[in-house]
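Novice: Mind docking chain B on chain A? Use the hints.
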Amino acid sequence: MIELIATAESVNQAKSLLNAGVDTLYVGEDTFGLRLPASLSREEVKEICYIAHENNKKVCVAMNAIIHNDRIKLIPGYFEFLQELMVDSVTIGDPGVIHLLHKYQVQLPYVYDPHTMVTSAKQVNFWAQRGAKGAVLARELTYQELNSIATNAIIPVEVLVYGATCIHHSKRPLLTNYFSYTKQQNVNNKNLFMAEAKKPTTHYSIYEDINGTHIFDTNDINLLPYLEKLAHARILKWKLDGIYTRGQAFVEIAKLFVQAKQAFVDNGWSDQLQENLTTKLMENHPYERTLDAGFFLKNPEDVQ
Amino acid sequence: MQVLKKKPEVLAPAGTLEKLKTAIYYGADAVYIGGNAYGLRSRAGNFSYEEMQEGVAFAKRHEANVYVAANMVAHEGDMKGAGDFFRTIRDIGVRAVIVSDPALIETCMIEAPGLPIHLSTQSSATNYETLNFWKQEGLERVVLAREVGMDEIKEIRNHTDVEIEAFIHGAMCISYSGRCTLSNHMSARDANRGGCSQSCRWKYDLFELEHQGVCQAYTDEETDEPFSMSAVDMSMIHHIPDFIENGVDSLKIEGRMKSIHYVSTVANVYRKAVDSYCEDPAHFTFQQAWEDELWKVAQRELSTGFYYGTPNEQQQLFGRRRKIPVYKFVGQVLEYNDASKIATVQQRNSFSVGDKVEFYGPGFTHVYQTINQMWNDEGEPIERAAHPMMKVRVQMDAPVKPFDMMRKAK
Numbered sequence: 001m002i003e004l005i006a007t008a009e010s011v012n013q014a015k016s017l018l019n020a021g022v023d024t025l026y027v028g029e030d031t032f033g034l035r036l037p038a039s040l041s042r043e044e045v046k047e048i049c050y051i052a053h054e055n056n057k058k059v060c061v062a063m064n065a066i067i068h069n070d071r072i073k074l075i076p077g078y079f080e081f082l083q084e085l086m087v088d089s090v091t092i093g094d095p096g097v098i099h100l101l102h103k104y105q106v107q108l109p110y111v112y113d114p115h116t117m118v119t120s121a122k123q124v125n126f127w128a129q130r131g132a133k134g135a136v137l138a139r140e141l142t143y144q145e146l147n148s149i150a151t152n153a154i155i156p157v158e159v160l161v162y163g164a165t166c167i168h169h170s171k172r173p174l175l176t177n178y179f180s181y182t183k184q185q186n187v188n189n190k191n192l193f194m195a196e197a198k199k200p201t202t203h204y205s206i207y208e209d210i211n212g213t214h215i216f217d218t219n220d221i222n223l224l225p226y227l228e229k230l231a232h233a234r235i236l237k238w239k240l241d242g243i244y245t246r247g248q249a250f251v252e253i254a255k256l257f258v259q260a261k262q263a264f265v266d267n268g269w270s271d272q273l274q275e276n277l278t279t280k281l282m283e284n285h286p287y288e289r290t291l292d293a294g295f296f297l298k299n300p301e302d303v304q
Numbered sequence: 001m002q003v004l005k006k007k008p009e010v011l012a013p014a015g016t017l018e019k020l021k022t023a024i025y026y027g028a029d030a031v032y033i034g035g036n037a038y039g040l041r042s043r044a045g046n047f048s049y050e051e052m053q054e055g056v057a058f059a060k061r062h063e064a065n066v067y068v069a070a071n072m073v074a075h076e077g078d079m080k081g082a083g084d085f086f087r088t089i090r091d092i093g094v095r096a097v098i099v100s101d102p103a104l105i106e107t108c109m110i111e112a113p114g115l116p117i118h119l120s121t122q123s124s125a126t127n128y129e130t131l132n133f134w135k136q137e138g139l140e141r142v143v144l145a146r147e148v149g150m151d152e153i154k155e156i157r158n159h160t161d162v163e164i165e166a167f168i169h170g171a172m173c174i175s176y177s178g179r180c181t182l183s184n185h186m187s188a189r190d191a192n193r194g195g196c197s198q199s200c201r202w203k204y205d206l207f208e209l210e211h212q213g214v215c216q217a218y219t220d221e222e223t224d225e226p227f228s229m230s231a232v233d234m235s236m237i238h239h240i241p242d243f244i245e246n247g248v249d250s251l252k253i254e255g256r257m258k259s260i261h262y263v264s265t266v267a268n269v270y271r272k273a274v275d276s277y278c279e280d281p282a283h284f285t286f287q288q289a290w291e292d293e294l295w296k297v298a299q300r301e302l303s304t305g306f307y308y309g310t311p312n313e314q315q316q317l318f319g320r321r322r323k324i325p326v327y328k329f330v331g332q333v334l335e336y337n338d339a340s341k342i343a344t345v346q347q348r349n350s351f352s353v354g355d356k357v358e359f360y361g362p363g364f365t366h367v368y369q370t371i372n373q374m375w376n377d378e379g380e381p382i383e384r385a386a387h388p389m390m391k392v393r394v395q396m397d398a399p400v401k402p403f404d405m406m407r408k409a410k
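The listed protein sequences derive, respectively, from chains A and B.
Position 125 (the first sequence) corresponds to 125 in full-length UniProt numbering; numbering is contiguous.
Position 224 (the second sequence) corresponds to 224 in full-length UniProt numbering; numbering is contiguous.
With the rest of the complex left out, here is chain A (with noise of 0.2 angstroms):
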């Protein structure tokens, strides 16, 4: 069965995105969380659980941030507060929170996700051996590799189908350093690009937050056009990222998964029907902001 997870920047567009038809909210808060469209309240996320599971969808919460010791003391209470909330699952990145999720007998069900790690089949069976029930595969497979990995792993694999990929996380504040050094002052930390000295072209998204500094491929992803060939791997979890594709764009664009899925379903999968809904996503997806298929057009020895 496929599953579209999609992040949730607000209680609002939550609702929106659970009427689009998405089944499982992905959301949290930066203190835990890696790159989240936004850092929720307690509140919110609250709010969002109780939506979520009055209509039967899911939320998984975000843990995958890199821990230091001052965060990983409020881990144990964060765990409470997530069973409280019964959150159906948590993505971790970190061993610690898994060697606490252990320790304090957590019922919480958890996804592997330490983004540029994730590469191997051997690699995520290892994590399912101690507890994990998925894991989000690395953005820079391609689907040779995809296909082998999901072939191979013991437990489901997610893969990212729309949204801006991080290439590079810093705990430094790159940003901050080099306006300092500049003596410039008030930039719009959320809507920096830079471009390579030598491809004037390139815009790799930038900014900073509490977790450091986040750089993002001058391309977002978009698999839309390939589902056909993600399904065929068996790889049903399909991740859209909203961070860059805000508000009701980012609804529209998760109705079109929730189109193509309904395909899936019902057999009606068609050329025709995938170019319109490609048509439809470049109309949504944010004008400044290029696409393309990331890794998976290449093949396994174009980068080594």
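No wet-lab data here; the hints were simulated from the structure.
No false leads were slipped in.
Using 30 angstroms as the maximum straight-line C-alpha spacing, the simulated DSSO-like pairs for lysine-lysine come out as follows:
#1 B:Lys154 / A:Lys73
#2 B:Lys323 / A:Lys183
#3 B:Lys80 / A:Lys133
#4 B:Lys203 / A:Lys183
Specialist: Frame of chain A, contents of chain B only:
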């Protein structure tokens, strides 16, 4: 006099057999090397099994240890033969293997039992529960992320008894190690499989897309300084007591790609500093000569990374670079004749009569000499030692020892 519970290990990089021997001779308790596979320095000198055997035998004779880095993050198919690899290096006598990928950790545990595993810094371990996790998995040691502060180390030490290794010197990733794929996306080279193209050190334009299609280039309009993520290097020579007092078991020097000049100098300095402190902590005083010595092999400015706070703009390479005086490694002493006061030197870079050179050796010994007279292998006086590896006899004022290195300011 206070007695220290435990003296930490000085751990040096060794890209080749010669560097391995040099590092150990210059005071490293242990060295880390790369094998022919599974490492992160696909372009560095890596060791064949035969070279490993020789390196391990040399290390054993000097009561030192050899670790092998196998810290790549494997893709499908990359792990073929990993079991054989781990078994072979275990049987050669490699003391431990440095790994980050859990898939390789598992392979090593199952297929090469008895070979201790150290978690690589590539895994970015930043809290004590993470160390406890890996201890429970059976790992012997965890190399901390470079983002961990000194207070955090102290707290980590209080909450876990797995061995801790921390970086004290060398170049740094500006990202959390393992969490950067700039190179994969910009250069089609996999950073986590030894292909890093150091894209973080490139220059970038930074701009805002406030309005559709209108570029507001910070770098063009407001400043000439391009954006970059490039970091300065690390040196913790001023803070060795902090590591020892906080119970760090191993002090790691970065740089498998660096020269024997670098390896010998850096190992020598930290060996001296660690010994000085441990001998008599109460009366320990920092020696400026140690820092001066490190500058002779420095390529960038030096800083303390995250150990005492979040690095600011001073810890990034912005603006015009200060010129750091360059020292050239010019030779190595093969023998010394006490009676004639003549040193026989193997040439590594050219030097001439009139040059002011510096000999340094293990134990932080230094001899400064202006070259007044020298002869070639045939005993003929020469003005310039021009040929690589040629044997030169140099008239000395003070004694030197075989294996002492000779350098001069450029």
